[in-house]
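K.L.:
Below, each chain spelled out in residue letters.
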Amino acid sequence: MILRVDSVSRTFGQVQACTDVSFGVGRGEVVALLGENGAGKSTLLSIIAGFVVPDSGVVRVDGRLLEHGNPQAAIRAGIGTAFQHFSLSPELTVAESFALARVDVGEARRHLPDHIDMGTRTGDLGVPEQQQVEFVKARLLSARVMLLDEPTSLLGGTDVERVLDGIQAAADAGIACVFVTHRLREALAVADRIVVMRRGWVVERMVRSDAGWPADTERQVLAAMFGDVNAVDEPDVPRTWQSGPGVGTISVQGRVGERTRDISLQIGQVLAVAGIAGNGQEELIELLVGTTADRVRLETTGASLDLTGHRMHEWVRHNVAVVPEDRQLEGGAPAMSLGENLVLRDLAGGRLSTLGAVSRRRLRSRARGLIETWSIRPADPSVRFGSLSGGNMQRALLARSLDPLPKLLVAVRPAHGLDHRSVEMVRRELRAAADAGTAVVTVEGDLDEALAHADSIAVMYQGQLSAAVPVAHADRTALQSMTVSGWDI
Amino acid sequence: MGHLTRDIAVPLLAVLGAALIGVSLLAATGHDPLAVGEAFGRRVLLRGAGIEESAVAMGPLLIAALAAWIAARVGLWNIGIDGQVIAGAIAAATLAPFLDTWPRESMWVAVTVVAIVAGALWALLPALLRAHAGINEIVTTIMMTYVAFSLGSWLVEGPLRDEALVTPVTVAIDVGRRLPRVFDTRIHLGVAAAVVIVLLTAAAARWTSPGILSRLVGESAPAAHRLGLPVERYVVVAFLVSGGVAALAGVAEVLATRGAVQGDWRPVLTLPAFAALFLARQNVLALLPAAFLLGMLAYASTVLPRATDLAPDFFPMLEGVLLILLAVERWQRPERAQAPAERSI
Amino acid sequence: MNVLETLLQASVLAAVPLMLAAVGEAIGQRSGLLNLGVEGVMLAGALVAFIAVETSGSFLAGLAAGALVGAVVGLLFGVASARMAASQIVLGLGIALAGQGATGFFFRERYGLTQPLLEPGMSRPISDLSEVAVVGPALFGHKWFVYAAWAGVFLIAATLRFTRAGLLLTATGDAPFATEAAGVDVTRVRVAAATAGQALAGLGGAALSIVEVGFFAPGMTVGIGFIAIALAMVGRQDPLRIALLALAFGVLRGLGPAIQLTEWRVRVEFLDMIPYIGVLVLVVVLGRRVRLPAALGVAYHREARP
Amino acid sequence: APAAQTEVDRAAIVTPGSRSNEGWDQQGVDALVAIGEERGIEVDVVENAGYDDITPILRDLAADGADLIICHASGYQTVCPEFAEREGVPVVVTENPEAVTEGLVSDVETEAQEVAYLAGVMAALETSTGTVAVVASGEPPTWNYMTAGFAAGAKDTDPSVEVLYSVIGEAAYDDAPNARRTTETVIAAGADVIFGMGDGASFGMIQAIREHNAAVSQDEEVRFIDVIGDKSDSDVADFLLTSVLFDYTGAYNTFIDNLESGDFGSIYTMDLENEGVWLLEPPIEVSEETIEQVEAAEQAILEGEIDVPAIAEADELADFLEDLPEGDA
Ligand SMILES: Nc1ncnc2c1ncn2[C@@H]1O[C@H](COP(=O)(O)OP(=O)(O)OP(=O)(O)O)[C@@H](O)[C@H]1O
Ligand SMILES: Nc1ncnc2c1ncn2[C@@H]1O[C@H](COP(=O)(O)OP(=O)(O)OP(=O)(O)O)[C@@H](O)[C@H]1O
Ligand SMILES: [Mg+2]
Ligand SMILES: [Mg+2]
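Protein chains in written order, with the numbering used here: chain A, 1 to 489; chain B, 1001 to 1345; chain C, 2001 to 2306; chain D, 3001 to 3329.
These are calculated hints, taken from the structure and not from any lab test. Even glycine gets a Cβ: it sits at the ideal position worked out from N, Cα and C. Don't take every hint at face value.
Below, a sample of chain C positions facing chain D; criterion: calculated Cβ distance under 10 Å [stated by the list, open to error]:
1. L2208
2. P2218
3. G2254
Looking at chain A on its own, in the form it has when it is part of the complex (with noise of 0.2 Å):
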């Protein structure tokens, strides 16, 4: 065995990300590790790294004990690691990038993509190129281990495959791989075992025999990870809606990509926007909220509205709610109380207030139903944001952006970083708020999502956004192929 993790534990607060996890990976070794969202992959991998300091256990490259926290023993030992959100220096070229990590230029050269300029501020990159030289640095720095957190979540095509046949070269070498991926095909096609995690605990192992992976794999990898067979037959929940013709529409005029857009979205529908992060989904989301728009007009059986100019700042304080994807740093405040998150809105919509008084007994009244209503753990509002969980920061963001309900709800990867039933929880939602008589889009990166929650799907890719599709007449593989290599006009 090359690397030996030795009953290595981690909590964070309440959560355990990985409680007594054992394993290793010998030389010329493939180990993909797989597991839902949150389940602890890129914990272990920070750990390993130097990144996240163990509370208890031990790892050994060549037998060698490693030092805990510190990435440069890390380095030292012969670590290479991709990691999820990247370890790249905006400001630095690509060719500084692999200089500052002691990598040979020339070589990188040859291991990425001819498109990819050495020359580029790598924060000019587009996002699947990042992930690209992520993954040539981590492989070229690997002299013993190799650690690569969804090195082709962004990618599709070619690119992957050139991911995988590094992988399997790598290994080749006599390296020892560690591969985490959501992508089943892609563990099976290069791993030769796999672990599984969930909830901190490696609940799973399994091993290729000479003849491949058995038929069933697939099914007890999903089942491990779930722990709920049942769950894993239908991840998706029914559709048991009709996508009724809409009641009124929200037209948002403004520049999209180079040209000027007219967005119109459907009061009643749930409209997903695909794309891979990068794609100009930022521009878009501004454009939604008012921000960047020229005009925003309002036509429904009863009314009509239109708006220019400052006016459009009312339009979004009173009728628009975001739920955005980050949501400790856009979300709300870390540092404030839950309670007074979840009336921001309320605040910010000139609600709960007399001539900009407040009382802190309405609020904290307000703050106790929505706590109650959406089920929010701690039961308590004046525990600070910033500590609460992925899953609980999420509905607390929900409950404030759909109670009241807006005109038009934006929401980016609703569904990201939850476990599968509070997955079912957002979809439900968000099919009811759409029901009540809200404009719903989605920004979502995973075409599966998207089309497990909207009505209909448009795409982004390269700052242009394509013409919308009902779901009911989607093909998923012609929209993934647009993700990725776009479409013709």
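Based on these hints, arrange chains B, C and D with the ligands on the given structure of chain A.
P.N.:
For chains B, C and D with the ligands alone, coordinates are given in the frame of chain A:
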């Protein structure tokens, strides 16, 4: 340790630590720490005048610290408080002589309002540059202070000068028309007003919706933006309010303490304001005891040098040591941090 | 020498303390550390350098002492902020206050009521060339330290641009997590940057007391330390840009005395304002281009990112 | 009502700057300390009080039993009378004759322009370049009086002499680096006699001259005329032409006498006649003829034949300097 215990214990420990360092320095340089301590006790703590003058000294410090707090509320560092104080003082001293015939109460109100506007205007450029061009306010506020010093001097030596006097000073307000004193002490209405303003600010921060939302702007501007809050406007308004509040320290100089602006007057309130702010752990109500403590230190630095043959610089040095200890107090094993990343500048 | 020549020469000399302090501050800023205490560090450097020359008679000893005391303060600042995650702003303001107070206190402790002056002594190695009109004195008529300082700044600029050290600093200030992931110890880089940077600030203080004026007086920096912070930011942490800005600042300040010798009647208060307004104008013109390192002022927590 | 007689056994002085600056602050402190020793009076000194409100200091001094407080800065001209009024403690103010109150406030004025005039005479006679310069650390009245007197003396003696005037900065009393640059500039403009008024900043001027003199031949050396404090036994003596010296002992003694006799509340003007201001005998060699001419001018002033202008205000001073006849240099 609970939050409250910690909020009280930490500043006390820091003060104690600074005092210990002070005592060791005194001993090391051949002074008698006991004699200095005795003089401090007798002149500052036990004399009525000591407490009274400490309270007087607290006034401008409290105002300046509040100005720093307001800017910090939306995530900004107002390092230009001194310039805004000058702006307020000059505005007050310009207007007051023209209102000679007004009842004094109306004169106070008019002068205060105009001075607040002047202080806010002095903060306007840094505020706009920060909000709309993303330019760091530390650079601009520092520069604005130097410009205020020069411009103020010119006004006092030139157009505003009291021709009857040889020394450059603006026309003084009669003692009878200054702010009245509280219970025949030297503590004037301005000090009481400063305390009230701090209480009002604390109330506004807790019981008004802009007060609560401004905290969101400071803690997490992207989140505020996502809620449709006009973040830039919050930043600009808070900075203007900060400048306007700072100007009140200048108003006190003109309406209470001296009755005029002296040509060579250079307020040095910015650094002590931040000392108070951090001593109070950025809690607005805690600014009251923090400013009072620093007021005592300021008073001590004026009377103890003579009594103890210490260089007056000894006391600002202690204040600096206190700040350093307060900074280091926030020590935590970085690799185990649970707190969110510190707010960026 | 005529007035213009003197003005230029004096400006070049006056720029040296400011330039050294600002370049030093910029090194720290590049690594992500914002030290608002430069004023205090400069005063400490000025006092200690003065004492060293006054006792030993050696300018070299004075310069070394000034740099050393700056390095010590920088080391403490670096350890406290990078290792112990103390708030940089609070620390910096504390250092500014403590530095001002401590130098006044210790100067009085040591010299009582006297004001000793240093002998003019430092050599002017190439002053033979200063016969050249107009720019001669400004270019050639200086004490050797002025050339050493400029050479140092060029050396630092080259180091930052062409060596790994520069890459480390930029990466650390921009993305500390990424830097650690590349095998670099961010804490060590920051502590080193703070130490080296504040050593330069201390040296700047020394230049002020022993090279430029030849004595120490409490508060003699009259705000140069704060200007240095501004120039480091406006000069985008680039030593050469900062050096030019410092020079421009020196010329603008030197203009005051010269303009007063002309027929123009300009109040001295307005002359005093020129350099500060100059910086403000520059800031407005540069606008968003005054880019600061992304991690400037932010304590780095290893676990917070991945 | 006539003021009560007060036995003075404790007196205090408050100065804005450092008592070691060999200038304004030190001169006041030294005078009171000397009187204290001579008359057996306890003396309290508060230095570096700055220009903030000094009332707390005054109260502390009063609480310790000060019978007289000298507010040694024209910047204290409003605070001190108000304090005296309120607390009944006699004070001495500077340059504020309006404030004089029987039994409570006396005022000390310095007519230093007369002695500065003599310094101007000497400068005009001693310059070999035909250019002399005034370098000031600010434009307070005390400095302005002397600038005008100096310029008048120089011009009356030799109209062809050029008088340069340069201010380091407003309130730049401690800005030594800038003082040094300013001095270098006027030297470059040809001045070889420099009349410097600067308190702490004076040392910057002195260092500029020292360095200049070290680099040039003897006949190109620049000489310095200092003000207020006597630096003739220091390093400066090598090139110190003369000084306009202030001596507060006469004034302070008079005030103490007044207080003890119940006559407090007057104006004391330090001038040539009462030797409150006087010209230092040149520490360096100066020609007989110069000495004679200076003495003649002194006589003329004392007899009222020469009327030295008294100009306090900066703009007036600028007008005055502009109206002087053109120099030749
Ligand atoms: N620095 C941290 N502070 C607090 N909690 C953390 C921290 N890092 C991870 N956690 C928590 O530890 C648990 C495991 O997280 P981890 O990132 O290892 O999951 P993962 O398996 O990589 O999930 P994903 O598939 O979503 O990447 C989660 O509940 C997460 O919220
Ligand atoms: N930054 C933090 N500071 C303090 N406590 C934290 C922090 N992060 C997590 N916790 C604690 O850990 C608990 C679980 O957090 P985590 O996000 O890992 O939960 P989770 O198991 O992923 O839940 P969910 O499924 O709802 O996302 C929280 O309730 C909180 O008490
Ligand atoms: Mg992960
Ligand atoms: Mg979670």
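K.L.:
Using Cβ atoms only, decide whether L2208 (chain C) comes closer than 10 Å to chain D, and label the hint accordingly.
P.N.:
Status holds, d = 6 Å.
K.L.:
Tell me if P2218 (chain C) is really an interface residue toward chain D, meaning its C-beta lies closer than 10 Å to one of theirs.
P.N.:
8 Å, holds
K.L.:
Restraint: G2254 (chain C) near chain D, CB-CB cut 10 Å. Satisfied or not?
P.N.:
The hint holds - G2254 (chain C) has a Cβ within 10 Å of chain D, the shortest such distance being about 6 Å.
When held up to the earlier numbered hints, the structure conflicts with none and fits them all.
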